[in-house]
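Student: Knowing the structure of chain R, use the given hints to seat chains B, U and S on it.
Residue numbers (the working numbering), protein chains in the order written: chain R, 812 to 1150; chain B, 812 to 1150; chain U, 812 to 1150; chain S, 812 to 1150.
Keep in mind the hints are simulated off the structure, nothing from the lab. Here the structure is a predicted model, which is why all the values come from computation and not from measurement. Just to be clear, a hint being listed does not mean it is correct.
If several chains are the same, the list does not tell them apart, and a pair holds so long as it fits within one copy or across any two.
[Stated by the list, open to error] The calculated EDC-like cross-link candidates involving lysine to aspartate or glutamate, where the alpha carbons are at most 16 Å apart (straight line), are:
hint, residue 1, residue 2
1, Lys959, Glu987
2, Lys920, Glu1116
3, Lys980, Glu955
4, Lys1087, Glu1071
5, Lys872, Glu1115
6, Lys1087, Glu871
7, Lys872, Glu1089
8, Lys929, Asp898
There are 4 protein chains.
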Amino acid sequence: MVVVMQAGASEEQLLQVEDRLHHDGFKVHLSRGANRIIIGAIGNTEQVDRRALEALPGVEKIISITRPFKLASREFQPENTIIQIGDHCLGDGSLIMIAGPCAVEGREKYLQAAWAVKKAGADLLRGGAFKPRTSPYSFQGLGEEGLKIMAEARELTGLPIVTELMDQKSLDMVVEYADIVQIGARNMQNFLLLKDLGSINKPVLLKRGMSATIEEWLMAAEYILMSGNPQVILCERGIRTFETYTRNTLDLSAVPLVKELSHLPVLVDPSHGTGKRELVAPMAMAAAACGADGLIIEMHPHPEEAWSDGPQSLVPEQLSHLIKHCQGLRRSLQAGEVI
Amino acid sequence: MVVVMQAGASEEQLLQVEDRLHHDGFKVHLSRGANRIIIGAIGNTEQVDRRALEALPGVEKIISITRPFKLASREFQPENTIIQIGDHCLGDGSLIMIAGPCAVEGREKYLQAAWAVKKAGADLLRGGAFKPRTSPYSFQGLGEEGLKIMAEARELTGLPIVTELMDQKSLDMVVEYADIVQIGARNMQNFLLLKDLGSINKPVLLKRGMSATIEEWLMAAEYILMSGNPQVILCERGIRTFETYTRNTLDLSAVPLVKELSHLPVLVDPSHGTGKRELVAPMAMAAAACGADGLIIEMHPHPEEAWSDGPQSLVPEQLSHLIKHCQGLRRSLQAGEVI
Amino acid sequence: MVVVMQAGASEEQLLQVEDRLHHDGFKVHLSRGANRIIIGAIGNTEQVDRRALEALPGVEKIISITRPFKLASREFQPENTIIQIGDHCLGDGSLIMIAGPCAVEGREKYLQAAWAVKKAGADLLRGGAFKPRTSPYSFQGLGEEGLKIMAEARELTGLPIVTELMDQKSLDMVVEYADIVQIGARNMQNFLLLKDLGSINKPVLLKRGMSATIEEWLMAAEYILMSGNPQVILCERGIRTFETYTRNTLDLSAVPLVKELSHLPVLVDPSHGTGKRELVAPMAMAAAACGADGLIIEMHPHPEEAWSDGPQSLVPEQLSHLIKHCQGLRRSLQAGEVI
Amino acid sequence: MVVVMQAGASEEQLLQVEDRLHHDGFKVHLSRGANRIIIGAIGNTEQVDRRALEALPGVEKIISITRPFKLASREFQPENTIIQIGDHCLGDGSLIMIAGPCAVEGREKYLQAAWAVKKAGADLLRGGAFKPRTSPYSFQGLGEEGLKIMAEARELTGLPIVTELMDQKSLDMVVEYADIVQIGARNMQNFLLLKDLGSINKPVLLKRGMSATIEEWLMAAEYILMSGNPQVILCERGIRTFETYTRNTLDLSAVPLVKELSHLPVLVDPSHGTGKRELVAPMAMAAAACGADGLIIEMHPHPEEAWSDGPQSLVPEQLSHLIKHCQGLRRSLQAGEVI
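Chain R with its partners taken away, still in its complex shape (with noise of 0.2 Å):
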């Protein structure tokens, strides 16, 4: 940590942050620059609140060295966090398809999704019980009857499944049907609900904040995996930008970044990561190209009769070309040795 005195710090001031970083159990080096003291802080940082020290007078700003995240990092777990799911893993280098509609809708409609989605060649199966919507006139989800819908498409198909808990009180309902949680993009902050994942025994897929940092995804993963759940499957689904053809910026060059500084897998969802189906697949292929664990996408077999996210729903047909291609990509990549 490095701490920038003001271009008019006094001594007296300088005295005192020193004696605070003792305190804290910093070895202090001084720098005095032509205009400006600093100071480097060697140390434990994590346990410091970097906004505490910026506010001792004669302070002008704080500089983390480090990175704020332990746990999640490749530092601490070099290997990667390899994530088995029923026959699949997640993070050894294949690459795993999940698939479905965006919000179950009913029996008869869920199951034929889910033999379409089957049929296409997915891994795993998605929907929604539990339906964050921007309006609270728009359709919310079917709640445990969705679950149970879910659990009976597993059975059936034999996918595992992947959905939505949106609060605390419908955790252990959630994690009795899911063997995939996932946390949504908007709750990717909500640090009480984090916390009670860290007791559960599934795995968690994350989704990153519409406008979070990648720095603060990895927090929020941290929260998880320090309450006790080593299992954090990350998901880039796009962020907020002032572009408006795109429902959300699709950032992909989160995914090799985040392997880079993280051991945990990283998952693409082109679906809300773009909002349009023709761009579904195009990004679905350039995910695969840049090293995801895997992709989810929305397939609804009546996109225009699904009461969400049609647009960027493709049909079963087109999920079945997307997951051929991709898989034939990923193939054709790791033969040459390229990721």
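Tutor: For chains B, U and S alone, kept in the frame of chain R given last:
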């Protein structure tokens, strides 16, 4: 609502869209342009999922004409919502000053701060017993003990208290102690929590999410209103942009804009909005000048000892000046009938 | 175009808008909704200033239906624009590789770099003689001397050269030397310069502005096309967002989106787009996978001695690998008929 | 400047960095932390390319300690730069009001507007003869004819004139007519144009780029200052964010921040900053309250006939009110010694 058909849309696709609109209870007007057909759909758009229509074959996009919020809109309720807190009224043209430390850090320190807030002339007292923190290693608040200390401070100073609720589990507890229940930026789209707030009999201070559009913010208010609680106070606290010299970018234009679109009172938090002590007073003045119904200001008797947000906290003397000047400015504006 | 009248607009205001629209050559369709009247205006919207109409009394907003670009649109020209540079074609499905150092720093160093680029298998050579730099104290390029060195490098290696034009004054000079004239992100909306480019007989590589929407980018291309030069190449180079771990956020979804909206070829610059050497190869692969017509890659024989952009420059061996893998990926995609 | 070495950096890499720093004239301080070595480099950082150092093997990142601008900084010049325009002073604590139509649309209309500006009590007259427009099909300005009309308006009303310069070609012409030369947001980083402005003897009004950080903005000012022109006026005009209800997000915190960092005067343009007429007055008041040195306001006698920016233009009566109220607010603040 306007449905724009794709350039090459077929008559059959057009018919399908018209059928769907009729089925959803809309009256339909067709305009055939040189390149495109557009359909004006007249009816109640609140219950309709715009993106579902967008998924129909041949549809290029759906354009909303009316705002998606209803109960929160000034069209629905032309006169200001006025919320009474003790002797003070939010929304009646006065400028309500809320101040206090970021977090309750201990009984003695908080009571000292509360007296300083009182002495500085503030109307309400703030403080956090539950703190949402980016890092799991940072101080997370004293919990119920903090609430009890706040209640004691209210007892002693007579100032009503504002404190943050982070989750459903502690809702009853927080509602019991608080005079105003604050929902932080990260929970602005925690929809199930918003619904639960519909049944409490305390006003809710709803902070704008850090990347929330004004429309999304008003839709979040709509969740609370629709669930039965008419006492919603909005609070602009800065949005996330590319600028790094400030912690957030305080969007003051949100104040007159929201007051035009909605009848709900709007506060401004220049402390979080800028993250820098030296910017708090000028931005507070600006907020008072553009019509805010109140301000929420971080103050700490010893910011350099604060466990959070020290750099943006004023000392008591600064708070006292700020309140005097902001109230003076507001009075001189009202004398001149500017606002 | 759709004109939305305010909720309380008078019949007189409505008439005034209709008159104005008729006067501007539009046919007018009226839809009277429950709360608002909307007017469908059919005619040529290109010549109409949307914001002028928005200023009419009683008008709430104007909504464009058709895209504002014409010459750049795929509706205007369905087939791809193909641009021939030496033996290479941009826009015909092949993947053109452009590489070289950020700046020409001296004859010997540049020629060494040029040979490395040639040997790595790139198709074109890049290099900057005029460098836009945030700081006036940074190296600003060698000017014409730099162009002469580039021309010599072309002579020796046979590689056509791409270099940036910064202003009107040096237009003739740059056009004389360059095979492709690059317009940097900061000049994307330098409209008078864009107009001047209409009369040159060299292709223009138009980088996306760092906060330009896709619509603004295509409108900038429209300036060049409208001024008489049909050879415009677009280049995505990252947009500005809140994320700080990367220099910019590379918006790869722009590639398939622009290819859908426009007939112009699209390149990707993963070097500026990420600012980090270790992200260049994965993002290059992703760009190749989602349909880019080419890549522009910074390479420096000794990045640690580069006067600019060292951290994002590959060494020759890395470039060689990248080209091999990207071309391999593209070939395998084409064999599978994915793109 | 602080150089942070990678976690696994070798002693040899460390030596190489130290050598390079010594060679560049720096004194070097080493701090060996638990995981990383950091190097404090003391010396003149202005001439050093930070990213070149970042490219050295073993270097993780470079952290700047001092601000990169010098001539623009308040450390360099503690007292305010005061710029005299006719009888008015920018930067001396007064509030200078600049008003007028977006574009000069014709002699009669402009003279009428100029008299309205005069009558409303403004200090300077604005108007565009060269208009940067997103669309090549929009009105681009009258060119020199427009400048002549503006000069005539000055002659008649006695108001000095502010007008935009778009390129080097018309520099002499614009400088001849203008009292203040405006550089628009899109040209803020047109570095060669900025350099040319160093040699003119007229003040330059430098608008903030729509995605420019405050640092980049001050660096752009540095270009002009370094080239010999000390008369630079900054102007905040809104930045680009995700919000769509406003045209831009007016960043008023930039006003006190820039006044702390720099000695240059700062104006605010609430017309472009919001894009909505009804927000102009409240934001003008807010700007006056937080210390702006002046305002630049769009006014049009008949906004519904304006060829550009009608929706954000005030009518003369509104301008008159705004000026009266803003000046009243400023006087009452100065009486109370608030700012």
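Student: Confirm or reject each hint.
Tutor: So, going through the hints one by one against the coordinates:
In this assembly of identical chains, Lys959 and Glu987 lie within 16 Å of each other by CA distance solely inside one copy; the values are 10 Å within and 37 Å between copies. In the homo-oligomer, the alpha carbons of Lys920 and Glu1116 lie at most 16 Å apart inside one protomer (10 Å), although the nearest pairing across protomers, at 55 Å, exceeds that limit. Only within a single protomer do Lys980 and Glu955 lie at most 16 Å apart by alpha-carbon distance; the minimum there is 12 Å, versus 20 Å between protomers. Taking the shortest alpha-carbon separations for Lys1087 and Glu1071, only the inter-copy value of 12 Å comes in at or below 16 Å, while the best intra-copy value is 29 Å.
Taking the shortest alpha-carbon separations for Lys872 and Glu1115, only the inter-copy value of 13 Å comes in at or below 16 Å, while the best intra-copy value is 54 Å. With identical chains, the CA atoms of Lys1087 and Glu871 are at most 16 Å apart between copies only, with a shortest distance of 11 Å across copies and 46 Å within one. When the C-alpha separation of Lys872 and Glu1089 is checked against a cutoff of 16 Å, the pair qualifies only between copies, where the shortest distance is 14 Å, while the shortest distance within a copy is 46 Å. Within a single copy, Lys929 and Asp898 get their C-alpha atoms as close as 14 Å, which meets the 16 Å cut-off; across copies the closest is 47 Å, which misses it.
The structure is consistent with each of the numbered hints, conforming to all of them.
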